[in-house]
Amino acid sequence: MSAFSVSRPRASAREWRERLLFLLLIGPNVLLLAAFTFWPMIYNAYLSTISWNFLSPIRRFVGLRNYETVLSSEIFRIVLINTAVFTVVSVAATMILGLGLALLLNQPLRWRDGARAVLFTPTVLSGAAIAIVWIYIFDPRFGLLAQILGWFGILSPNWLADPNWAMTALLIVYIWKNTGYAVVIYLAGLQTIDRTLYEAARIDGAGPWGQFWHVTLPGLSPIIFFLLVTSVLACFQAFDIIRVMTDGGPVNATNMLVYHLYERGFIQSQAGPAGVVAMVMFVLMLILTLLQLRFLERRVHYS
Amino acid sequence: MEQHAGLQKSTVIKRRRRRRRALALRRRWLWRIAGYTAIIVSMVVIGLPIYWMLIASLKTSREIYTVPPTWIPLNPTLDNYPAAWRAAPFARYYLNSIIVTLATTLSKMTLAVLTAYALVFLRFPGKNIVFLIVLAALMVPAQITIVPNFLTMADLGLVNTYWGLILPGAATAFGTFLMRQYFMTLPREVFEAAEIDGAGHMRRLWEIAVPLAMPALATTGLFAVVNEWNEFLWPLIITSTENMRTLPIGVARLLDQEGLARWGVVMAGTMFVVLPVVVLFVWAQRYIVEGIAAGAVKG
Chain A
1 MSAFSVSRPR
11 ASAREWRERL
21 LFLLLIGPNV
31 LLLAAFTFWP
41 MIYNAYLSTI
51 SWNFLSPIRR
61 FVGLRNYETV
71 LSSEIFRIVL
81 INTAVFTVVS
91 VAATMILGLG
101 LALLLNQPLR
111 WRDGARAVLF
121 TPTVLSGAAI
131 AIVWIYIFDP
141 RFGLLAQILG
151 WFGILSPNWL
161 ADPNWAMTAL
171 LIVYIWKNTG
181 YAVVIYLAGL
191 QTIDRTLYEA
201 ARIDGAGPWG
211 QFWHVTLPGL
221 SPIIFFLLVT
231 SVLACFQAFD
241 IIRVMTDGGP
251 VNATNMLVYH
261 LYERGFIQSQ
271 AGPAGVVAMV
281 MFVLMLILTL
291 LQLRFLERRV
301 HYS
Chain B
1001 MEQHAGLQKS
1011 TVIKRRRRRR
1021 RALALRRRWL
1031 WRIAGYTAII
1041 VSMVVIGLPI
1051 YWMLIASLKT
1061 SREIYTVPPT
1071 WIPLNPTLDN
1081 YPAAWRAAPF
1091 ARYYLNSIIV
1101 TLATTLSKMT
1111 LAVLTAYALV
1121 FLRFPGKNIV
1131 FLIVLAALMV
1141 PAQITIVPNF
1151 LTMADLGLVN
1161 TYWGLILPGA
1171 ATAFGTFLMR
1181 QYFMTLPREV
1191 FEAAEIDGAG
1201 HMRRLWEIAV
1211 PLAMPALATT
1221 GLFAVVNEWN
1231 EFLWPLIITS
1241 TENMRTLPIG
1251 VARLLDQEGL
1261 ARWGVVMAGT
1271 MFVVLPVVVL
1281 FVWAQRYIVE
1291 GIAAGAVKG
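Heads up: the protein sequence lines correspond to chains A and B, in order.
Just so you know, we're using my numbering here: the first sequence kicks off at 1 and counts up by one.
Just so you know, we're using my numbering here: the second sequence kicks off at 1001 and counts up by one.
Here chain B stands alone, though its shape is the one from the complex:
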């Protein structure tokens, strides 16, 4: 009798456990279906505007103004691309964007490495004050410096020049901060060993610190390239003639010029701006995404 009750109890527990497990399994399946739904929905929402830009650049001007719009171009054509290239000096825009992006990025990376190395490995009385100056610069967003910087450039006669475009963004507080944090994690022993071997600071900097910091440096460089390529406010203010404009400013001017009359051409121009970054992103996607994530988690 007692035994019977015990048996009954254990089957009840077993049944209950089985039911709970089934519930958990079902929940996991529902969650997984929700996950795939989220992927599909977000791909559509993110992808649709980009797809729309692409197909608009491939439509004839007659097709682009049909109501309702077509989802697949009826007679896809590449004519809009040469038309856009002729409508605005895109070759010049490309040249300017490349010069400004590369010069700014290289300057930022070099200055960040040099400053961070000095801050971490060199002795200087009161060097913490220098670090505080760098930190303080983090608190001044570039947007609020536009009027005074424009006046400075006017005084120096650098309005509408490459120097004017490049100089205000050539230094970096953020990059210095990141590189300093990174250098502090490098093992001191390696540097001490090199010092004993008679390597001077410049050799230790280029042959040990820089190669070791390559991952952090590459991420910093990638971000700088993307940011500079897309920079809008400062080039808008400091350039005044077509031959100095960068791509984002150029394409905004193309919109003003061609207005709503030639959407296909404007969309082709937009592709000119976006395509290099998309290629870079597809190629270096992992580093960019991981870099962003690591920056937030590690601080």
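This is chain A alone, in the form it adopts within the complex:
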């Protein structure tokens, strides 16, 4: 067979038809990806080297000056710190809270599946709508939170107008919205752990803690890794709730990567700096996505 195909001079008409069909089938998808996913990255690289306000006919080439300007700017430093703080707290909280809840729910309880569905609900709701509901809840005078804090004799801070509290408010909303996702993923992971491993650990004299450390955690490690990467990526991409709740403020207290990109591009009309922010985000997220792909590949190959 292989000897034949090597010596065969050219493909048959049938093979050509198959190749044509292949191109027809993949064509639309690949062309759209080329136009709206790959081309923008080349375009971003180009934009990052020019000085332009989107309207003027003059686009001046400035080399790497935009990179210097953006990377050394105070606002970009604030944006990076905000993104880091937001990501670390939000990911740690959803992952730890999610694990705790999943462990508690991973037993034959009545209403367990119902509880899992309710926990997951905020994940599928529009971020813009959720943000509006929470603005109302955070209202320092007639908001829900003000009343609950009032029961304990605590005066509600002016959450969204106070630079010291705005980030906390955002974190509360994101943790509220995303913990259910982690619970669902953990529960699925817990189902995959071999029950006999727990029996073996018990026979070896392991108590509940020992079983958790030596069976549950190692068994969950691929899931934990998956959650970590996807959650960090999601935090880097956060936009809708920020745009509606705080507009990056007050005084940039909640200004993060995507919001900053939006601000540079569509509010301040600075094509160059917007291109730089996009390039920096691309590099940061590329590293994370590559990690995730390696994980996917491993699962695909060994499962």
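These aren't lab readings, by the way, just hints derived from the structure by calculation.
Source: prediction; values computed, not measured.
Glycine included, each C-beta is placed from N, C-alpha and C at the ideal position.
The reader is advised that the hints may include incorrect statements.
Stated by the list, open to error - To be clear about the criterion: a stretch of chain A counts as covered by chain B if any three or more of its residues have a C-beta under 8 Å from a C-beta of chain B, and this derived list gives those stretches:
| id | segment |
| --- | --- |
| 1 | 13-19 |
| 2 | 32-46 |
| 3 | 100-106 |
| 4 | 121-127 |
| 5 | 138-146 |
| 6 | 174-186 |
| 7 | 251-263 |
Claimed, not checked - Label-pair distances were calculated between CB atoms; the ranges are:
| id | chain 1 | residue 1 | chain 2 | residue 2 | range |
| --- | --- | --- | --- | --- | --- |
| 8 | B | Ile1072 | A | Trp213 | 44 to 54 Å |
| 9 | A | Arg202 | B | Pro1068 | 48 to 58 Å |
| 10 | B | Arg1286 | A | Leu149 | 29 to 39 Å |
| 11 | A | Arg14 | B | Glu1290 | 36 to 46 Å |
| 12 | B | Gln1257 | A | Gly210 | 55 to 65 Å |
| 13 | B | Pro1068 | A | Ala34 | 49 to 59 Å |
Take the given structure of chain A and dock chain B to it, following the hints.
Chain B only, in chain A's frame:
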């Protein structure tokens, strides 16, 4: 004497075993109580904001600004809903959201199936390069393409049009990847048998591959619907007039417009955005939750 010692020893062991069993039983009960507590607490924490939105949309404007707020509306009213419907062109927002969501979802599903079928079942020299291109597209998050895509749309004259809203999200790398993984698990023999029966590729695609892939396809479609319905960044940028806005953008504008003056109306508007997804979720909850879980476990 010896016998007596043995007897004593065995009762000690028995007693110890009984005590251990009692301890394990008590521990299991404590764990179960903790489980139910977790369910109750998380239901309250998740449910309260949603309940708060619902009752606010049913309160009169006078009641909504009383301090302390009421937990059950004193005279529940539906007046906020028509008021919200009048305050912003919600009928138009609905139409736009439905058009964009359906068009994007159908496009994504179709393109994913076609590309994945070609990648798995057709011969093409160097087709792995095509797969690598699809994988590479996974590494470019949509958020960082907004400025160039806006400029492209401006060049094409598609700003503030349905084409402008739909095109950038019409292709899918992720869906293609998922469908390819799924097609690779389908039994080859079925396709070979069909080929022997004289079925061409298009027939094998629509009559064998698609029906077999229905579960995976349905999950992909459900996710696409939810994501597109909630999409915020791109519609915010590409639309510039009321008659092109989608629901999430429309409701954010309603907030800016009515501000904090008419919370009841704003909350009714929020319900307009959230309600269809809640209905969909209640109906397809099992598929969505299981799909998310399976995606993570199986990779």
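A quick look at each hint next to the structure:
1. 13-19: holds (count 3)
2. 32-46: holds (count 11)
3. 100-106: Per the Cβ count (4), the hint holds.
4. 121-127: holds (count 6)
5. 138-146: As far as the segment 138-146 of chain A goes, the hint holds, because 5 residues have Cβ atoms under 8 Å from chain B.
6. 174-186: holds (count 5)
7. 251-263: holds (count 3)
8. B:Ile1072 with A:Trp213: 44 to 54 Å: Check passed, 47 Å falls within 44 to 54 Å.
9. A:Arg202 with B:Pro1068: 48 to 58 Å: Holds, since arginine 202 of chain A and proline 1068 of chain B (Cβ atoms, about 52 Å apart) stay within the stated range.
10. B:Arg1286 with A:Leu149: 29 to 39 Å: holds, 38 Å
11. A:Arg14 with B:Glu1290: 36 to 46 Å: Roughly 42 Å apart at Cβ, these two residues keep to the hinted range, so it holds.
12. B:Gln1257 with A:Gly210: 55 to 65 Å: The hint (55 to 65 Å, Cβ to Cβ) holds, given that glutamine 1257 of chain B and glycine 210 of chain A are roughly 59 Å apart.
13. B:Pro1068 with A:Ala34: 49 to 59 Å: Because 58 Å falls inside the window, the suggested range holds.
The structure meets every hint from the earlier list without exception.
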